[in-house]
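*Asks:* Chains as they are written, first to last, in the numbering used here: chain A, 17 to 354; chain H, 17 to 354; chain U, 17 to 354; chain W, 17 to 354.
Don't take every hint at face value.
[Said to hold, decoys possible] Facing chain H, according to a computed beta carbon distance under 10 Å, are these residues of chain A, among others:
hint, residue
1, R267
2, V281
3, V282
[As the list claims (entries may be wrong)] Covered, in the sense of this in silico footprint (three residues per stretch, anywhere, with C-beta under 8 Å from a C-beta of chain U), are these stretches of chain A:
hint, segment
4, 138–146
5, 252–264
6, 273–280
Just so you know, these hints were derived from the structure itself, not from any lab.
Values in this document were obtained by computation on a predicted structure and should not be read as measured data.
Every residue gets a Cβ at the ideal spot worked out from N, C-alpha and C, and that includes glycine.
There are 4 protein chains.
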Amino acid sequence: MIRFALVGAGFIGSVHAGNLAAHPDVDFVGVADIDPTRSASLARRHATTAIDLDQAFDPDSVDAVLIASSTDTHAEHLRRAATVGLAALCEKPIDLDLDRAVAVVTAIDLDGRPMMVDFNRRFDRDYTQLRQAVRAGEVGGVELVQMTTRGPALPPLEYLAVSGGQMRDQTVHFFDLARWITGEDPETVFATGSVFTDPRVSELGDVDTSVVTLRMPSGALVAIDSARRIGYGYDERIEVLGSDGMIEAGRRHVGAVSRYHAGRVVGDGMHAGWFERVAPTYRSALDHFVDALAQRETLGPTLPEALKAQAIAEAATRSLRTGIPQPIVYPALSAATH
Amino acid sequence: MIRFALVGAGFIGSVHAGNLAAHPDVDFVGVADIDPTRSASLARRHATTAIDLDQAFDPDSVDAVLIASSTDTHAEHLRRAATVGLAALCEKPIDLDLDRAVAVVTAIDLDGRPMMVDFNRRFDRDYTQLRQAVRAGEVGGVELVQMTTRGPALPPLEYLAVSGGQMRDQTVHFFDLARWITGEDPETVFATGSVFTDPRVSELGDVDTSVVTLRMPSGALVAIDSARRIGYGYDERIEVLGSDGMIEAGRRHVGAVSRYHAGRVVGDGMHAGWFERVAPTYRSALDHFVDALAQRETLGPTLPEALKAQAIAEAATRSLRTGIPQPIVYPALSAATH
Amino acid sequence: MIRFALVGAGFIGSVHAGNLAAHPDVDFVGVADIDPTRSASLARRHATTAIDLDQAFDPDSVDAVLIASSTDTHAEHLRRAATVGLAALCEKPIDLDLDRAVAVVTAIDLDGRPMMVDFNRRFDRDYTQLRQAVRAGEVGGVELVQMTTRGPALPPLEYLAVSGGQMRDQTVHFFDLARWITGEDPETVFATGSVFTDPRVSELGDVDTSVVTLRMPSGALVAIDSARRIGYGYDERIEVLGSDGMIEAGRRHVGAVSRYHAGRVVGDGMHAGWFERVAPTYRSALDHFVDALAQRETLGPTLPEALKAQAIAEAATRSLRTGIPQPIVYPALSAATH
Amino acid sequence: MIRFALVGAGFIGSVHAGNLAAHPDVDFVGVADIDPTRSASLARRHATTAIDLDQAFDPDSVDAVLIASSTDTHAEHLRRAATVGLAALCEKPIDLDLDRAVAVVTAIDLDGRPMMVDFNRRFDRDYTQLRQAVRAGEVGGVELVQMTTRGPALPPLEYLAVSGGQMRDQTVHFFDLARWITGEDPETVFATGSVFTDPRVSELGDVDTSVVTLRMPSGALVAIDSARRIGYGYDERIEVLGSDGMIEAGRRHVGAVSRYHAGRVVGDGMHAGWFERVAPTYRSALDHFVDALAQRETLGPTLPEALKAQAIAEAATRSLRTGIPQPIVYPALSAATH
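Just chain A, same shape as in the assembly (with noise of 0.2 Å):
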């Protein structure tokens, strides 16, 4: 059994915390949060413990932290499990600046150390199984990737203001995605994008719709269509076209019901939002981080593997702001894996 400690009782740590309760090899050791109310309650509701920071990242009585708790304190309960020598599941980013993320990840000697950040789509179903038949070969060499990634509503301008902006919030699943399926790092990288929703987006100095088109060095193009607002729910979807053959996680619909009318067939839409679509691979995060800590797995997305998809964003930024395609410049770390 591996001792879990929770730090953030919020939606997400609530998800979370559902799942370490579940999870047959967790011991769920506590939860912690700046709201001592918040973290009592959701405690309570997974027959565990309220804890203090101190606890929760107290070595003798803890193995592993998952760190769900503000953005802006992501890199400090980072760098504080590394210090205790405890293994963490982080939800991303390390820290919305890459500079700072650099330094922490620099800071922490990453031998043997198994750190984790949870870019969640990694273990969607259908991404895994895509990924495996374009490693294993099945579409021959990668050509085009295409890519969608559209949420149902404008999230909260409050929220925006302090997300980084749509390449660091939203489509930077889709950089690290695009990684992690064809085995490259892109080069280059062209943004382009518009508000359609509310001109204060604009004034926020983001966008709510874009499309990127990154080259990688064997010359295989990506192209990601990224949209806040869609009102049909929730819409992902990947495409890879191979020198052998294409391969495609198209969308999923809630259910396989149909009505049949004159001239029109009406079937079930779309997730009505993010979580609903992609909720079992905050499960399927937490096994595989298990798995690895168990030897079982590789362990993935690395501390490493995050600060690429974000300097991926950060191109991508400056190419929406100039108008035109940019270098991505990847950190250098002593210790990087790939």
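Chain A is already provided as a structure; the job is to place chains H, U and W on it using the hints.
*Replies:* Positioned in the frame of chain A, the structure of chains H, U and W alone reads:
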């Protein structure tokens, strides 16, 4: 070039006329009809000649006759074609009365005489693929066949009154398909039906909605649902379940346009009517007939095969009336081939 | 909080244990089994207690009992729950013998006693949607229902020997669904079946592949095909055709990954087995039972409803044996409600 | 009846010949070709006459000319048709060189002269439906358009050498569709491409795989991926995302046959080549042209519209070469209409 005369200038006659005129191996000699205005008009449209019946059956200028006149004349025209040594492609049925149909087929010396009944569903692209796969053993031994045949609107009562009833008029196509796909002659049939559209259908002794079960000698089961008025268009499908897999010729939609709204996706529906759905099969049936005349393919459905489908419809009609399963009695034909 | 005892710690018992442990409104008091090792092990896994039957039926510490023990003990446990005034959620069937099942239900004073049989298919998301649409009149009057129930592999012969046969064991779920969706009690049934998998199935007097036709009082027809061993996974679907349209709960695929090759597209297939397909329905059935206990929903399927489905299976079994349609005789129950 | 002459008896000429011969409102006067053997053979097949160019452009016996000769003769034939007052339906492009194309269109007095360029994709059933829905406001304001255009195999290098490159030859159809669907003229274009098939494509200064992004004046974004050799058939699709929903013209499969195996379902694939996919659009384009001549519809795509699509392809080609986004410069035409 094969010299064709067309007998019958009604709706189906005009469909055949277009196909005869466009066929590269056909010399479209002329069209005959009891209404000379109609044949003249149709002939003009396809750059051929209006002729009379004597010309249509003149072996000096005609090689094959396409019989698309009214149902009660089919038998007489078939007999005449046989007598003068013409090949014949005849709309179904040979005769609505099974005894009369048997008498005609018995009277015709079938040896070497290429005569085919236009059970056009056999020439549907998907059904052809499905049958080839089944006959090639792709699903192993056939165990269960599920068929759906549903039309958009109740045909006119005047038509129903002379149609022979749902089994002989509509379901008979699928009796033929069931034999053709499985290679077996069903032994017993159970049919039960209801009237939902118009009480006058009951007064005609007919039904508009029915379920039929056939048992094959091998134990394979065939379930067929037939409906006259479904409102949502024209709907056919076939599933064949075998010991090694299942193959399905699914619903056909008119296009691939989808509209995404919150909670639902609205796609293109079924074809509006039977003709929109099966129009290409008339051309394919003619292609097959021409190829068979040129010895490039084995002719079918033959007259004896058409009689077998009709015999199943007879037994199904008896089952509808008696409420119990009926044995299927096939006509004994000296020259009959499968 | 409702205090639940679980009786039965086999496979289905362990599924229920997980759901009981996770349910926010349930106090999972303990689990009883004839094999105390098994109950101890299951109790440990879900942080509850191994108890004996007297404790499971003790109204001072238990409000509701979930009966998941072997089929031959259901009736006795239901009777005991009724005697001491507990609510009960019971795996189907009440008893394999219809007469004994009727005797139990008659003996129990149903007034106000919340007792439910776990026909879990009713709680499938798609079937629930389909039924709501049908009951709301979306397709008008029901005219034709087509149902498919097919399992991947022949169950062990030892299981088949005590299962009551395909009608009572497998198709009975769809007899219940047919009543629940249409709101009608079928009047007659015709069933015909074959054995393709193993001759010993015949020796048991059973079939592995069958087609059933039900007639409703309104004239609506229901066609059900059932198969035990299809090889390609677990396959269920339902179509309801009405006077104003058609609604379908289609095949469920395990994912949305497609591989495009020349001439063919390879998509994700069906679920491997029944449990993968229907696992969520056990949780939904428990949710419903809890909601009904809290008066938030109307309880069902009730014991009298379960008897009706069983009566249809009896008549279907008679039809299989006699080869002719059979009237369905429903048990007369003083307290029976629809 | 409209009297048509056909110029060009190659592959596309023979497609047009079949459609001209079958069109009820067309009098197919004759076919001209630089190779008289070829025109004689094609004329014979469709019961018309081989003629020379003077006869083809003789306004006493011809009303409209269909120009399907080699690309380098289009401009000259268009000019001649204009001079003698014939209507013209011309294969794309007007001329591979944009300046020469502009010169021809400028020289022709377009007032009332019905001249159309055969961007046949506009006449695809699904694209027509999609455009009507978009123009009717079904998805609100257009925000994002995603287009895919992929061919099965690399065309011969001799063809590529004179094709003008992927943008002018393949993607240009989708530049036209983008304008036609949205009703906007894009302002800037970014294109990036690679060569995966044959290094000689690079030597020609061309690419075989590319991603293009267009920006519309409204801020709407258009992403187009183009590929020359995908192996799995011919693949096109379009999505239009707007403020009120999304509409998709999805992949077209050749049939609806599915084979179910354990874990996977094998369905019918894409069309083998572009012609199988778009063949019906040639007939629909002719129907449209004839209807426009008869004042039943508004003619299009007009010559000025064709120049606009060509101007986008020019800028896209510049972007491919420079690696940065390019403004799109539309030709100034006195008589140009949208």
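*Asks:* Compare the structure with each hint and give your call.
*Replies:* Here is how each hint holds up against the structure:
Restraint check, R267 (chain A) versus chain H: the minimum CB separation of about 9 Å is within 10 Å; hint holds. Satisfaction of the interface hint for V281 (chain A) is found here, the shortest Cβ-Cβ separation to chain H being roughly 5 Å, below the 10 Å cut-off. Checking V282 (chain A) against chain H: minimum C-beta separation of about 5 Å stays under 10 Å; hint holds. Residues of the segment 138–146 of chain A lying with their CB closer than 8 Å to a CB of chain U number 4, which satisfies the three-residue condition for coverage.
Counting residues of the segment 252–264 of chain A whose beta carbon lies closer than 8 Å to any beta carbon of chain U gives 4, which meets the minimum of three for the stated coverage. Restraint check on the segment 273–280 of chain A versus chain U: 5 residues with Cβ-Cβ distances below 8 Å, three needed, restraint holds.
Consistency with the previously given hints is maintained throughout, with no hint failing.
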